[in-house]
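I would like the entire structure built from these sequences, with the hints used as guidance.
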Amino acid sequence: MSDKTARPSACVIVLSTSDRQVLETWVRCGSTPQKTVLRSLIVLLAADGCTNASIAIELDVHPDTVRKWRSRFHHHGIDALADAPRSGRPPIYTPADIAAVKAWACQIPADHDIPIARWSTPELAAQLARDGMTVSVSTVRRWLDEDALKPWQHRSWIAARDPNFEMRASVVLDLYARRYAGKPLGSNEFVISADEKPSIQARDRCHRTTAAAPGRPMRVSHDYRRRGALTYLAAYDVHTARVFGRCEQSTGITEFTALVDQVMTSEPYASADRVFWVVDNGSSHRGQASIDRLTARYPNAVMVHTPVHASWLNQVEIYFSIVQRKVLTPNDFPDLTSVENRLHTFAERYNRTAEPFAWKYTRRDLHRQLKLIDQSSEAA
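Following our numbering, the numbering of the sequence shown begins with 1 at its first residue and continues without gaps.
In case anyone wonders, no lab produced these hints; they're calculated from the structure.
This one's a predicted model, so the numbers in the text were calculated from it and none came from an experiment.
Among these hints, one or two may not hold up.
As the list claims (entries may be wrong) - Okay, derived cross-link-like pairs now, DSSO-like style, lysine-lysine, Cα gap no bigger than 27 Å in a straight line:
hint : residue 1 : residue 2
1    : Lys35     : Lys183
2    : Lys150    : Lys326
3    : Lys68     : Lys102
4    : Lys371    : Lys326
5    : Lys68     : Lys35
6    : Lys183    : Lys326
7    : Lys360    : Lys371
To be verified - Quick list of simulated restraints, FRET-style, between CB atoms:
hint : residue 1 : residue 2 : range
8    : Arg325    : Ala229    : 46 to 54 Å
9    : Ile253    : Ser138    : 54 to 62 Å
10   : Gly30     : Ile116    : 28 to 36 Å
11   : Gln369    : Arg325    : 20 to 28 Å
12   : Ser250    : Lys326    : 18 to 26 Å
13   : Glu267    : Ile158    : 37 to 45 Å
14   : Ser199    : Pro122    : 36 to 44 Å
Just so it is clear, CB atoms sit at the ideal spot from N, CA and C, and this is done for glycine as well.
What follows is the structure in structure tokens.
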């Protein structure tokens, strides 16, 4: 380890017996911080007469590092191997400080005359600075992550305004579980979920759509010509996944009745004991008049309305979502006939392979959720 033939360094290290014992103890002790071990080895090698260059090679460090700690020990002794005091002091935040940051994140900025719609971590850090508390953006983000707080995100919701919301929604959920009025449905009873998807446009792109290629997605021209719009009506059997669909120029009682006829004149629905039609409160099937109209036309048909603003309970909306993603996006059709043909062809293929949706939301889940909403409203 020694290199006594090389040119001696400017700072000659001479160790007392006690200093050498301390340094050697630090080197041998497994709990000594590695930076202290390194500095101790530098001094020990220097005391053995090694040059800065040879020590740097031996310990695989930069010569400046050797020079620094050799000089410190030479001028200040063993206590100099500790880190020198740094200017300033790292900020120390109390639990109350952290709670204050999270409290700001849980408030609407506009309620405090702050002219932004929602918080971001930089905005929160800036607000804290105005309050006299200096915190980095990364620290704010880390604190918010502890409680999964993301005030920069937002989601729309609709308050239930139907006084009979739970009762009406429970009827629908029971039907999905094959129960009605407290009794299980028979093998010759069916549940149909129906609705309309209006204003499906035919957008004729001004330039040809090109397929995906390695490293490049499908490319669809931004410019298009409007070739008209149609309405797609669908009825979905929630327990067999069978779909009935038709295209019309508009929505209305006449168009919806045509969909009902399409289903109710085919088997097994024509000879069923009961066929329950789950619909929302759209104008073509709204209110008691629509119930009476359906029953008069098909005595074995029973119309069940979802509550107001609860179309999410209607399973056919899931099918419409599939249609939107798989059939209509991107929208590139030369005419309405092409739209209609693709919708019908997709429904035929869907009926050959589809299985019922794994609907797991029950009346118990609904009751629990509404109870939580009531508790939140009372707390507010």
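Against the structure, the hints:
1. Lys35 to Lys183: Violated - the C-alpha atoms of Lys183 and Lys35 are around 76 Å apart, more than 27 Å.
2. Lys150 to Lys326: It is violated: about 32 Å lies between the C-alpha atoms, which goes past 27 Å.
3. Lys68 to Lys102: violated (44 Å)
4. Lys371 to Lys326: Violated, at roughly 37 Å.
5. Lys68 to Lys35: holds (13 Å)
6. Lys183 to Lys326: violated (38 Å)
7. Lys360 to Lys371: With a Cα-Cα distance of about 19 Å, the restraint between Lys360 and Lys371 holds, given a limit of 27 Å.
8. Arg325 to Ala229: 46 to 54 Å: violated (19 Å)
9. Ile253 to Ser138: 54 to 62 Å: This hint holds: roughly 60 Å between Cβ atoms.
10. Gly30 to Ile116: 28 to 36 Å: Given about 53 Å between the Cβ atoms, the range is violated.
11. Gln369 to Arg325: 20 to 28 Å: holds (27 Å)
12. Ser250 to Lys326: 18 to 26 Å: holds (25 Å)
13. Glu267 to Ile158: 37 to 45 Å: holds (39 Å)
14. Ser199 to Pro122: 36 to 44 Å: holds (40 Å)
Violation of the numbered hints given earlier is confined to hints 1, 2, 3, 4, 6, 8, 10; the remaining hints are satisfied by the structure.
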